[in-house]
Amino acid sequence: MWREEVPPAMDAVHAILETHERDPGELLQILIEVQHAYHYIPDAAVELVAEHLRVTRAHVRGVVGFYSFLSDRYLGEYVVYISDNITDRMQGSTGLATYLCNRLGVKLGETRADGRASVHFTSCTGMCDQGPAGIVNGLAVTRLTRQRMDVFAELINKRTPLPEWPREFFLVEDNFRRSDVMFRRPVEPGAALKAAMKRGDDEALKEIHFEEAVDPSSGLAWRRGADETLKELYRSDLRGRGGAGFKAAIKWETCRDISAPERYVVCNADEGEPGTFKDRVLLTTYADLVFEGMTICGYVVGSSRGVLYIRQEYWYLKPHLEAVLERRRTDNLLGRNILGTGFAFDIDIHWGAGAYIAGMETALIESVEGRRAKPRKRWPLPVVAGLNRRPTVVNNVETFADAAMVALKGGAWFAGHGTQHSAGTKLFCVSGDCERPGIYEYPFGVSVRELLRDCGGLDAQAVQISGPSGITISRLEFDRILAYEDLSTVGTCMIFGPQRDMFDAVRNFTQFFRHESCGLCTPCRVGTSLLSQLVEKVAAGKGSPVDVQEIERICQLLKSTAHCGLGQTVPNHLIDSLLKFRGDWDKRLVTTDFVPAFDLDAALHQARELTGRDDALAHL
Amino acid sequence: MISSETKKTFRLDGKEIPFREGQTVFDAAMAAGVYIPHLCHNPDFEPHSSCRLCTVIVNGRPFASCTQPAVAGQDVKSDTPELNEMRRTLTEMLFAEGNHYCPACEKSGNCRLQATAYALGLQDNQFPQFFPRREVDSSHPDIIFDRDRCILCGLCLRISRDVDKKSVFAMTDRGIGTTIVVDSPSGLLADSKVARTDEAVQHCPVGALMMKGEAYMVPIGRRRYDLRPINEDSVAEFQAREEALHG
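In the order they appear, the protein sequences are chains A and B.
In terms of my numbering, the first sequence opens at residue 111 and continues consecutively.
In terms of my numbering, the second sequence opens at residue 12 and continues consecutively.
If you're looking for bench data, these hints aren't it; they were derived computationally from the structure.
This list has only true hints and no planted wrong ones.
Derived lysine-lysine pairs resembling BS3-like cross-links, with alpha carbons at most 25 Å apart:
#: 1; chain 1: A; residue 1: K487; chain 2: B; residue 2: K88
#: 2; chain 1: B; residue 1: K176; chain 2: B; residue 2: K223
#: 3; chain 1: A; residue 1: K690; chain 2: A; residue 2: K647
#: 4; chain 1: B; residue 1: K88; chain 2: A; residue 2: K669
#: 5; chain 1: B; residue 1: K177; chain 2: B; residue 2: K204
#: 6; chain 1: B; residue 1: K176; chain 2: B; residue 2: K204
#: 7; chain 1: B; residue 1: K177; chain 2: B; residue 2: K223
#: 8; chain 1: A; residue 1: K647; chain 2: A; residue 2: K669
#: 9; chain 1: B; residue 1: K177; chain 2: A; residue 2: K487
#: 10; chain 1: A; residue 1: K357; chain 2: A; residue 2: K341
#: 11; chain 1: A; residue 1: K304; chain 2: A; residue 2: K519
#: 12; chain 1: B; residue 1: K176; chain 2: A; residue 2: K487
A quick note: this is a predicted structure, and the numbers were derived from the prediction, not measured.
Bound conformation, chain A alone:
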């Protein structure tokens, strides 16, 4: 095990603190940069950061401890994460991780004694359509194979700098397989924003001066443009694409109507739900449209500051996103005087650091503020008191892109697609056992069967809709439709072929939730561990019907008492699996009598070690 011998020089930390102007709200962003610079957060850096930001070192340690991609121990020159989603596992990720560890001569999760490298598992990295996937020193790697692992080991052992690694290792494809009306081709930057503003009085717009414009109520044309755009949004009936389906117009209007000195627009690109990768594609090819949707939201609600909160798994997109923002500033689509109207709005990028819970609206806001991504109390809602306790609109990446399209083409046009209760189209992230994994855009109302036919996955036995927190459907349900009124979803469709053991998915999902529970509330913190223990007990062939009853009892408790949506949805996949794929459980429930999980002989092992005994009587 590698140990820090001499505390490293803190020059880089000083520079990072400088860049972030010693703003305590930037704590997480600072720690991410320190982690990238040192490959851990040295104790000296904790002290320094705490001192300069005027926060306690316990607070800094608390943040370091919370996020998966921050570490208080050195992870090595090369840090390799292997994505541990069920789709990666189905493509052989577990074996690949072991293989790489063996090639490097390192134990999983430990840093090699010479400080060269470490290998870890991580939750889904959002590359399910081109897995097995991983991350090397912050950058996504795809289509991992044994051959690639051989090359990885060689490059690491030779200390080849990352920029000299073969570029194809880092190739991320969009795999946009089917376009409908929303995402045919990228829209000209600024077109949607201009359309929104033109809904007011074009001539009068030119007369608004910056000072007036700071107060949106003073510019009549401005107000009219914003009001008309909001009306279009109402007409569109656009509902949140993050899965919950709340009407965007209501959220925007509520935010606008609350008296406050400042408002915020936050785009949720945390996309942590395993099997989901549409935001990755949108931010790659439709970044302008997303930023434009955020800008239009700022225009409508009277906000001057937007934040894109994006998961660190997509760190490779950083130069691209920053370039798009910079170009938009140059083109007067962001900044202090947008399109010459005096409307001021800009967007910052805030990175996550490996926490599924941060996709939860209020946890995300805590994370943007630089703290542990802990969900807030239920009230007040973020739209009333969100970021910095100001009214905040938090919408999904796809929601903002759709809102821009509404501004461009009108609410009626948008509502003309989809179903009565689910207007517009939806991006679906298709992965698992099918011929053509990738992104599919359909109008709402498409059946699972049609989607399976198009992607070449019709022989599936099951589809996991909306990720582990969603719903597991069997063949009998393939005629159900993807829409808010039936299968409401963030867009995730993980396909399981007939050869799969559905219990493997259960194990993966249960381990995932155990890893991602924030630990705030009792039922989720303890319940996810108990569920994982029970599922592992069944997997080990020690399960009995009593254990299944216990699983069901804990599931019920989580549904009723967990603090947030994470805990409340943990049971979904277990309940579905027990109902629909009972066969894969029953073949493991070998005994009808209760078998304790406690292994007496294993427990005696320690005593034997201590006493040096190994005679027959020391075994039971």
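Dock chain B against the given chain A, drawing on the hints supplied.
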């Protein structure tokens, strides 16, 4: 005509409960003499809604009563077999995840976890024990910090931050690994700003933060919850507080 003097009420287990504007369901219920089991909440400090024992059903949906605003006319259920069963299970979970050994614990009789378990009729623990390895910090001359008995209620964090203005405690790690970290270079209490007079160390509901030099001054059998069960004690304490604050 309803007179403006008429107090607003909601229904709790069939009984009309009056409330003041801004009061939570929990506060109104306790003021009216109805006990709702709770561990992470102390009415003198900001609610946390993390232990979830105070979960009630409001108009058919579950909410933590300590953070749920009281609304006129709402229908609240609390003392039901289903909810009490869930509260027992949550309490069992807390016993299983830590290392709680009541017979050998100095806090016995003054411990809210133990007293709540009794009040809920918890007879035994069905869950396998987690036996976590947690650090005990006895470095401080006046205070002992035994993380084995911590239930992560967050009271010491909130009080040290909001009342003592020291922020001595913070949470680190996450999920089942969540633990309390102390603000000092060594991570030990002795090197921190904590003092025995701090409010933060007075309100630990369990035996995680205890004073040195006071052990067994009150014999077991004559302690707080030995004399009066927690359901009666909590309500009486709450009502006395209400009386003092609002007359």
